[in-house]
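Numbering-wise (the numbering used here), the sequence shown opens with residue 733 and increments by one.
Careful: at least some of the hints might be erroneous.
As the list claims (entries may be wrong) - Listed next, the in silico DSBU-like pairs over lysine-lysine satisfying Cα-Cα at most 35 Å (straight line):
1. K1184 / K1026
2. K941 / K1103
3. K1277 / K1103
4. K1277 / K1355
5. K1277 / K1184
6. K1355 / K1231
7. K941 / K985
Claimed, not checked - Beta-carbon label-pair distances, calculated as ranges:
8. D1223 / K1026: 45 to 55 Å
9. K1026 / Y978: 13 to 23 Å
10. G1368 / D935: 53 to 63 Å
For the record, the hints were derived by calculation from the structure and aren't laboratory data. Just so you know, these numbers come straight off a predicted model, no measurement behind them. C-beta: ideal position from N, C-alpha, C; glycine also.
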Amino acid sequence: MKPHLVSKNYLKYPSFHYLKNAQPKLRKITSMNQGPFSQQITPLTLAIFVALSVPTVATAAQQPSSAQQDVEVIQVKGLRKAYRGNTQEQDLPQSISSLSFDTLQATGITGLQDSLDLISGVTRQNDFGGLWDMFAIRGFAGDENLPSAYLINGFSAGRGFSGNRDMSNVEVMEVIKGPSSALYGRGEPGGTVNIITKKPQFDQHGYIKFTAGSFNSYRTEADFTTGITDDIAFRMNGAYEDAQSYRDTITSKKTVLTPSFLYQLSDDTVMSYELEYLNQQTPMDRGVVVVEGKDFSSSNFYGETADGPVEIAAMGHQFELQHDFAGDWAMNAGLSYRTSSFEGSVTEPRWYDADTDSIIRQRRYRDFDAKDLSGRIEFSGSAQAMGLQHNLLVGADAYDYQLDRIILRYRHNTAAVGSPESDPDYYAIDFDNPEYRDVLPEMIDNTSDLEKQRGQGVYLQDQIDLATNWKLMLGVRYDNFSQDITYRLDDDRTTSITKSYVNPRAGLVYSLSDSTRLYASYSEGARPNSGTDASGNGHDPEESKSYEVGFKWDLAAQDFSGTLALFSTEKANILASSPKGDGTTEAIGKAKSNGLELDMSYKLTPDTDVSLAYAYIDAQNAKEITLWDWYIIEEGARLNNVPEHSGSLMVRQYMQWGQYEGSGGFVVQYVGTQLGDFLEQDYELPNYTLVNLFANVKLSHSLELNLNINNLLDEEYYANSYSSAWTMPGEPRSFKASIKYLF
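I would like the entire structure built from these sequences, with the hints used as guidance.
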């Protein structure tokens, strides 16, 4: 089924950025492949890492312990979640959904974007040609030109460029619903993704896993942990992928390595360090161009093979120190430093030319570098005051972020007048039978700027036990934010802004019983906006208000748990690029989202697990918008890539066949009709239903076999869209098989 189209024979260029031509002052580029991570970690490196573990395998494999078979449940005393304090999850007045490492392994999920398909209220967004993860929670997606923000062990990983997040070192992935700015300081009002990584263990164990699948896709994944001394433990995770695609000419490679150390200084003090290395190479693929009344191939690639891949590299360091004081007070301190780069050339569709049955294109080169230093310290514990129990969390954090951007561009309308390059057909490509070329047009300077951000915040939260069944949560956070942007295309003109803001939160929890709770909450949030207006003034932060009521249950006797939530959220001070095309932005209004979410899990029989996620979201423009002094978007216009109805059902059956045991099951995912272009409210992506099968069997204590079939019914669908010129078709039926050796 094709998307629904407006009656037009042309497609607009789907971007808001138009910068004037000028002689730039650029960072010196000595090579198109330069960068802080130009030396890559290869499959050989990963093989050496595995080989270093081999001497331990012979003894470890002879008598695998139960701990070795269930590595994901081992816990190290003293490790706490940041920004959580000593408040139990069931006593928080908000909805939290999570996926475990075991679920990810069983379903064959290796990337963050796929894992979020199993969480209610999370929908896919335009992912910048497949180069990074982009999602909306409860209808809000953030800046469409940057990756979605998420946390790793409570530290921001959304500033900068980290490619498509790999799940090889993930212990638990949780989605904390609702605005969390009153604690985290940044984030969308819909919610925050927090990835909790695997920690080093003192019991020696590990695995190596080989996967092969459709479209010549291959993956090696490994994990090894051991105690080096009685007090120091080490862990190494890694993955390497080499895959082609259902899309023509697309080949991608990715390497991830995450070594970590844990030092148990005493029974009360734990110190840990984690390094994360990523190198990802894949061409930017904007998808297909959809034209009303024309059939097309979902595999057609309208870029240029000679552009080669875009390389994303990242190196992250995390250091944490946790200490338990006398009583129940504890300290959690941490430091994170992350560098990342994004570099490569891409060719992108602009519009369809009906006269020549071809696609007019542009070409851009991007060279981005980012550095992000952040730290935090917090204390949590309980105290008695005025006859009431107070569960307190108090902390402070700060960050220093720098983004250096260079963009070169070719468009026919910016080429020399009368030159061959000024003809729109000069860089066109046939719609039905794209043929690629060896000679590509030269690009000229388009953007060159340096942005520096600094932020400091302090926060306080108090969960008060009012009575036997009542808990009141009060919280507040103060933030100070400063920003300097130097425009090298404009004689090094620099703009500076400083903003401060306060975000409160309040919540009430009522325990109907030991296993059931009602809750209500109100939160305000803020997220700093980048850029300046036409006068060089900074923008107020995006501001949000959110109301939520819900019901939680955890019936241990029936193995039945879940959360039902109703929410209403509004976000203001949303920005769009200025019609002047000079790189400035303007505040255009606000959006709102109302809806319902249901997440539940149930043990249907002793051997059958059922998980259900469903969301109804009504996300729309809350104020009439006038863009470019002439284009009007009415109040009530829908937001992009946010279906009203979406959900998933997973059923897993555990089985035993003589000496063999294993499990099998299916996942059904439904995504309703969604808007494909915010500026064309008649352009819709049809609803779709996907059925995925998975099975695994333990051939022995140390050998497992996995099989996955995705899109079993070979459904034709569209995963996300920016506009009808950039619409990504979904993957057809695919298979993959894995063999896993545990030691």
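Evaluated hints:
With a C-alpha separation of about 47 Å, the suggested pairing of K1184 with K1026 is violated against the 35 Å cut-off. Between the alpha carbons of K941 and K1103 the distance comes to roughly 33 Å, so the proposed pair stays at or under 35 Å and holds. Between K1277 and K1103 the CA atoms are separated by roughly 31 Å; this keeps the pair inside 35 Å, and the hint holds. A hinted pair counts as satisfied when its Cα atoms are at most 35 Å apart, and K1277 with K1355 qualifies at roughly 16 Å.
The suggested pairing of K1277 with K1184 holds, with an alpha-carbon distance near 28 Å, which does not exceed 35 Å. Taken as a hint, the K1355 and K1231 pair is honoured in the structure, with Cα atoms around 25 Å apart against an allowance of 35 Å. In summary, the hint linking K941 to K985 is supported, as the alpha carbons are separated by about 17 Å, within the 35 Å threshold. With their beta carbons about 47 Å apart, D1223 and K1026 fall inside the hinted range of 45 to 55 Å.
A hinted range of 13 to 23 Å for the beta carbons of K1026 and Y978 is consistent with their spacing of about 20 Å. Checking the proposed 53 to 63 Å range against G1368 and D935 shows it holds: the Cβ atoms sit about 57 Å from each other.
In this structure, the one hint that does not hold is number 1.
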